[in-house]
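Student: Sequence:
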Amino acid sequence: MKQNKRMILAFVLSIAVLAIYHLLMPAPVPEPAKDNAALAQTGQVQALEPVEEVSGIAKGGSGAASAAAIPARTIEVRTPLYTAKVTTAGGGITSFLLKEYKDIAGPNGKRLDLIGSGTLLPHTLSLYEENSVALSSSMVFKTDAPEVLEIPNGDSASLRLLWESADGVRIQREYVFNGGRYDFEARFQTTNGSKESIHVRPGLNVTQLFTGELAGDSYTFHGIATFDFKGAIARHTLKDISKEKVAKGPVRWASSDSKYFTWVVFPERQWFLTRASMLGEKGVLFSMADKAATLLPGESALSSTQVFAGPKQADLLASVGAGLENLIDYGWFGILAKPLVFLMKASNRVTGNYGIDIILLTILIKVLFFPLSQKSMVSMRKMQELAPIMNNIKEKYKGDTNRINQETMNLYKTYKINPLSGCLPMLAQIPVFIALYKALLVTIELRHAPFFFWITDLSVPEHLWDISVLGFTLPIRLLPLLMGISMLVQQKMTPSASMDPMQQKMMLLMPVVFTFMFWGFPAGLVLYWLMNNLLSIGQQWLYTRKAEAAKASQGTTTA
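Counting in the numbering used here, the sequence shown runs from 93 upward without gaps.
Think about it this way: if two alpha-carbon atoms lie no more than 25 Å apart in a straight line, the pair counts; the simulated BS3-like pairs of lysine-lysine are: (1) Lys584 / Lys458; (2) Lys490 / Lys505; (3) Lys234 / Lys177; (4) Lys638 / Lys508; (5) Lys340 / Lys322; (6) Lys584 / Lys638; (7) Lys474 / Lys597; (8) Lys202 / Lys191; (9) Lys467 / Lys584; (10) Lys486 / Lys597; (11) Lys638 / Lys474; (12) Lys584 / Lys643; (13) Lys191 / Lys177; (14) Lys638 / Lys467; (15) Lys437 / Lys194; (16) Lys505 / Lys643; (17) Lys474 / Lys488; (18) Lys467 / Lys508; (19) Lys383 / Lys337; (20) Lys322 / Lys383; (21) Lys486 / Lys505; (22) Lys467 / Lys643.
What the hints contain is simulated information worked out from the structure, not anything from laboratory work.
Whenever a hint applies, use it, and build me the whole structure from the sequences.
Tutor: This is the structure:
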């Protein structure tokens, strides 16, 4: 028994000695990883420009600052191009109103909020959360900035925010806004004033709500776009994002992108897309972050990035650099669409009306393709003249398909007709038509651009009035009806004797199909197609009149 008591006493004493040793001798601080040298302030990285000491720095516990410590403020940044609201609760942006763009056309339009809503959390450009210090919108930064920060054209100004935890971890944020520019800089520095090492990963969150103007339409993209270091852009729809199909990893930049406007985070060095997710049904969130670092007591981590928030004007995006001009989706035939947009803008400097510019551009394209169109018409007329002979062949060799095809080819050789010559010239024009269609669809200059009379916005479907049919509201539009009628006239004028009855009926259905298809298209697109049809009708009429006159003259000479 005594031996057992001694063993138990020895065991208890051993545990006590170990406990006292760990209390008196704390564990050594681990060395930071080699990959963190790029972020950790060890004398090799230049620190953020010192900020003037702010009285009454917001302090919290070891985690987020207590919201009750100081009240949150909203700093309004006013430039000639936008008004941004920065909240000291988390340091994000709650509103970004564009001064040159309204949410709807006309006098009732209000300034467009590029964020879509200030209710989304986390706020746009809030700090990325992967840190030892718990970051959230409840941590309130301190700033000596005025309630309104005015930045005139050509000037720049900084908005500095400061927060410090109870154990000495300091987070400093700084926005550098430029008057007269949509791009600005976001800087952030974490200094470890505590007695223990901390883990940090500088980064930003971007949130956006795709509603109203930002929701775009069913013909254009809205969602998250990424651009890699090889120059390739990837566009991810809301459906892709909801299914977690967005690839994470290093990117040159990432964007919350809509038809005409965009938010882009584009750092100078390699950052990583770490998150892309939905916020409800129409909101998105993506996060971009720098490399992670472990900061020893007294060390700092500094990082910064450029941000663009504004309209997708081709020249503007190109001037910012970093390949942002790739955000404008001109489709497969972008190499053709860009010159067409250039010509339309050049014309607008003279006309001041993009509707007229669309008409002039359509005329120019028609003139350029006049020889091809003319060749197609000549070929189709020859085919029409041979229709009686071809019908005789079909009747003579009825039921013998191979013989009909053989005799038909012999007929083509005899009269030197290429059956494809009527189609190939039209096929050559299709890429240009598609390019112009796509250009008119995504060019921001057409947004809220009026034409004449009731057409006040070329970027949306025209609207005369509404009628109710069986409980449904049907918008009445004139341009699609005129376009459908013009297609019907064009079909009637086009030689179709070589077609079989089924093909002729299908062709007559095309105007009806196109009318319904174009009913919801933007007015600028319908105007282009209508003008193209009218020019084709005029060309067909002139050619038919000339051909009939030549035929009559030949008949008179023969007689």
